[in-house]
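*Asks:* Read off the chains here:
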Amino acid sequence: MSARLRHLISLEHLDADTLTRLLDRAESLREACAHGTRKLDLLAGRTVLNLFFEPSTRTRTSFELAARRLGADVVNFDLGNSSTSKGETLLDTLHTLEAMHLDVLVVRHRESGTPEYLVKHAASGVAVINAGDGNHAHPTQGLLDALTVRQHRRDLHALTVTICGDVLHSRVARSDVHAFAALGVREIRLCGPAALLPAPAEFRNCRVMEDFDAAIAGTDVVIMLRLQKERMAATQLPDEAAYFTRYGLDGARLKRAAPDCMVMHPGPINRGIEIASDVADGAHSRILEQVANGVFVRMAVLAEVLGR
Amino acid sequence: MSARLRHLISLEHLDADTLTRLLDRAESLREACAHGTRKLDLLAGRTVLNLFFEPSTRTRTSFELAARRLGADVVNFDLGNSSTSKGETLLDTLHTLEAMHLDVLVVRHRESGTPEYLVKHAASGVAVINAGDGNHAHPTQGLLDALTVRQHRRDLHALTVTICGDVLHSRVARSDVHAFAALGVREIRLCGPAALLPAPAEFRNCRVMEDFDAAIAGTDVVIMLRLQKERMAATQLPDEAAYFTRYGLDGARLKRAAPDCMVMHPGPINRGIEIASDVADGAHSRILEQVANGVFVRMAVLAEVLGR
Amino acid sequence: MSARLRHLISLEHLDADTLTRLLDRAESLREACAHGTRKLDLLAGRTVLNLFFEPSTRTRTSFELAARRLGADVVNFDLGNSSTSKGETLLDTLHTLEAMHLDVLVVRHRESGTPEYLVKHAASGVAVINAGDGNHAHPTQGLLDALTVRQHRRDLHALTVTICGDVLHSRVARSDVHAFAALGVREIRLCGPAALLPAPAEFRNCRVMEDFDAAIAGTDVVIMLRLQKERMAATQLPDEAAYFTRYGLDGARLKRAAPDCMVMHPGPINRGIEIASDVADGAHSRILEQVANGVFVRMAVLAEVLGR
Chain G
1 MSARLRHLIS
11 LEHLDADTLT
21 RLLDRAESLR
31 EACAHGTRKL
41 DLLAGRTVLN
51 LFFEPSTRTR
61 TSFELAARRL
71 GADVVNFDLG
81 NSSTSKGETL
91 LDTLHTLEAM
101 HLDVLVVRHR
111 ESGTPEYLVK
121 HAASGVAVIN
131 AGDGNHAHPT
141 QGLLDALTVR
151 QHRRDLHALT
161 VTICGDVLHS
171 RVARSDVHAF
181 AALGVREIRL
191 CGPAALLPAP
201 AEFRNCRVME
211 DFDAAIAGTD
221 VVIMLRLQKE
231 RMAATQLPDE
241 AAYFTRYGLD
251 GARLKRAAPD
261 CMVMHPGPIN
271 RGIEIASDVA
281 DGAHSRILEQ
291 VANGVFVRMA
301 VLAEVLGR
Chain U
1 MSARLRHLIS
11 LEHLDADTLT
21 RLLDRAESLR
31 EACAHGTRKL
41 DLLAGRTVLN
51 LFFEPSTRTR
61 TSFELAARRL
71 GADVVNFDLG
81 NSSTSKGETL
91 LDTLHTLEAM
101 HLDVLVVRHR
111 ESGTPEYLVK
121 HAASGVAVIN
131 AGDGNHAHPT
141 QGLLDALTVR
151 QHRRDLHALT
161 VTICGDVLHS
171 RVARSDVHAF
181 AALGVREIRL
191 CGPAALLPAP
201 AEFRNCRVME
211 DFDAAIAGTD
221 VVIMLRLQKE
231 RMAATQLPDE
241 AAYFTRYGLD
251 GARLKRAAPD
261 CMVMHPGPIN
271 RGIEIASDVA
281 DGAHSRILEQ
291 VANGVFVRMA
301 VLAEVLGR
Chain E
1 MSARLRHLIS
11 LEHLDADTLT
21 RLLDRAESLR
31 EACAHGTRKL
41 DLLAGRTVLN
51 LFFEPSTRTR
61 TSFELAARRL
71 GADVVNFDLG
81 NSSTSKGETL
91 LDTLHTLEAM
101 HLDVLVVRHR
111 ESGTPEYLVK
121 HAASGVAVIN
131 AGDGNHAHPT
141 QGLLDALTVR
151 QHRRDLHALT
161 VTICGDVLHS
171 RVARSDVHAF
181 AALGVREIRL
191 CGPAALLPAP
201 AEFRNCRVME
211 DFDAAIAGTD
221 VVIMLRLQKE
231 RMAATQLPDE
241 AAYFTRYGLD
251 GARLKRAAPD
261 CMVMHPGPIN
271 RGIEIASDVA
281 DGAHSRILEQ
291 VANGVFVRMA
301 VLAEVLGR
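Protein chains in written order, with my numbering: chain G, 1 to 308; chain U, 1 to 308; chain E, 1 to 308.
Chain G extracted, bound-state conformation (with noise of 0.2 Å):
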């Protein structure tokens, strides 16, 4: 049996065993509530802390859902209020927040690596979750999306997943690239305009493409990524009517996948922009289904790191 994870701060090197580990716990913790289980007390009188240098509603909401749930407390630290605004360095803030007796804290940054820095520093009761980094990771968002790929595949080893947008400064791309690589899944393809892919020696595992139609072909998978407006610059397209022609997810092109792939999207989506509105709301999208197993893949995280 896999080691107990003290932290999560990106998918990167974890085995299948420990992920189908966190995957199990979310789904039974799902099957506890859809048997009207409303709330559980496996983290009572713990504390988590939702550090949060980036706004954010799902996430954020999320993670103070999924602590409640289990009976944690929750602060959310307000930036507009602390003491940042005063200077303050980011350690001197760990530890001043350890020094209160946090058992969690979930942090997000604009910068990558600092989730990882925060537990090369952090005190040893402490168990820091990375709730999205830079362009590094945002491992829940890729434990989600494996959940629920696995709600409706028996077999991951068979899937073609494909992964569009901006896939270069995607952290829940390279993410769930490292969740559907470890689970087995037959084939990642990566697609998005040139200006917006990864180098190739990034991501040696998957097969990047320019071009989506080609992409989009036969998957039993297809993630759309947010484009950042400010990064359309980059991509030398006119506008946003003209990125949606190349990579937007319409109803046609949707055909050109398997007749049951499934449309994923972390959110927000930009309807019109990366994804129609019919497809954002149609019979393949697994969108809110994929925002309600955040919940339970973060209690199930949160359980992990506490050691409950």
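These aren't lab readings, by the way, just hints derived from the structure by calculation. A hint or two may mislead.
Any copy, or any two copies together, can satisfy a pair, since identical chains are not distinguished.
What the hints assert, rightly or not - With a Cα cut of at most 20 Å, we get these calculated EDC-like pairs of lysine to aspartate or glutamate:
hint, residue 1, residue 2
1, Lys120, Glu88
2, Lys255, Asp281
3, Lys229, Glu88
Mind docking chains U and E on chain G? Use the hints.
*Replies:* Only chains U and E this time, still in chain G's reference frame:
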């Protein structure tokens, strides 16, 4: 017996039985708290999300306290930190939150109709409570105003209620009119500068009057509305002092009302603009009772929409 | 036995018995937590409202954790979202919050005297705790500093305590002086640039000194104050480096103190301005112990004012 409410969007079509059931419930919660009950567990395991698109002190805190005193978890959706800043549509926000298994969505929005729109699109398990939408409705305010009057007056059918100020833009006035009319108040008077009065067709069951001295004469209840300073320009009154002279409530004017006239205001009050300090703080004032009743009314509404 | 405190506004008139009772209570809470007690229910059903008119990381979070660990509900009053932006007076805010049946109001305000003013006008059932007002007082900081010293030194009567920096504008310095003087410390030295020292009449029981090398000589405890950068202009020192040369605490200067001198700072620290990093992180530093003690002191104060 009237049917249980699944949502609370407006008081417009609620009958006296339904209103009375809610007020009775609020009253019994008030009595329980007065006898030392600090916390109930009626809503244990339920999650209430405060989705406020407009700033509010009283109403958000009042809902938060109401929910917690019933044992629910409360999540405040901080819009400065939300995906709405990333251009997510209102419906995508709704569906995302629903997917996280919320039980109640308490919503305030500057646009009339937003809560109704959310009800139309909400999943069956989610209750929506309107915490104020544009000029349309503020139903818990209407209920708490009715509760406050009922605590002092046995027979509502004998009462004259006067509402004074910017009636045109006031959701409070509309919900008050619906509540007091359904509960059988004898006469409702709406008073304000012509530019801030609604079209006569809207309130056929009210007397609409421009002269406050006439409107207040003999009234049993006077509800003063907050004047948004940017609205004063429309009145063609030169300044706040002139507004106060015509439409402010001071001790002299209050003497024109019934001897035991109740003075009410939804808050926050503008001292010296719509109400004189000695009246706001005087023996006739029920303003702080309104605030206290607000918590009990919101507890009653939460219990109602959750079927507890 | 000294009377129970109903509020905590300042340490100025508290006697040694009262201070000792609070510190003993904090100590026993610390021991309970060290032995695995994660949560008490002393304050179950009580509501604590954090009313912060100034930004704060440590203090607000520390109070929030203290209240929750005693089982209370905590409501954070987000001033960006509050009616104070609508021009509501402080007293109207107070009375509104009281009407919602709060038990404790934790208040921070830039103007000295605000918490005392609230006490004068608060209803009998509401306790006010000062979390810092202007230059006046920060009583829980004074208590936690005393607790930290007491954990390391059995006999406070033999101690010399030196407080260095912008004493003139420091509520921390004032509360520290009150605490240490009442507890019988032998000598308190206040040190800083002339422009940042209080009038001699204010602290008759202290030695006021401009030369930090002299002030630190032989001291048992040195408390470094945070320098507000905008205050440096008054000192006529050309820049931060010059301030550090004269009033910063580095290893060389620390050698002038007693061999086991405790180094303290209320935080957040300005590394390289008032304190060198190797001293802040060094063996003499008690800065993080102060933070940890802050939670226990605030638990003790909450229990005290609520009579539990």
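*Asks:* For each hint given before, does the structure comply? Return the numbers of the non-compliant ones in rising order.
*Replies:* Violated hints: none; all satisfied.
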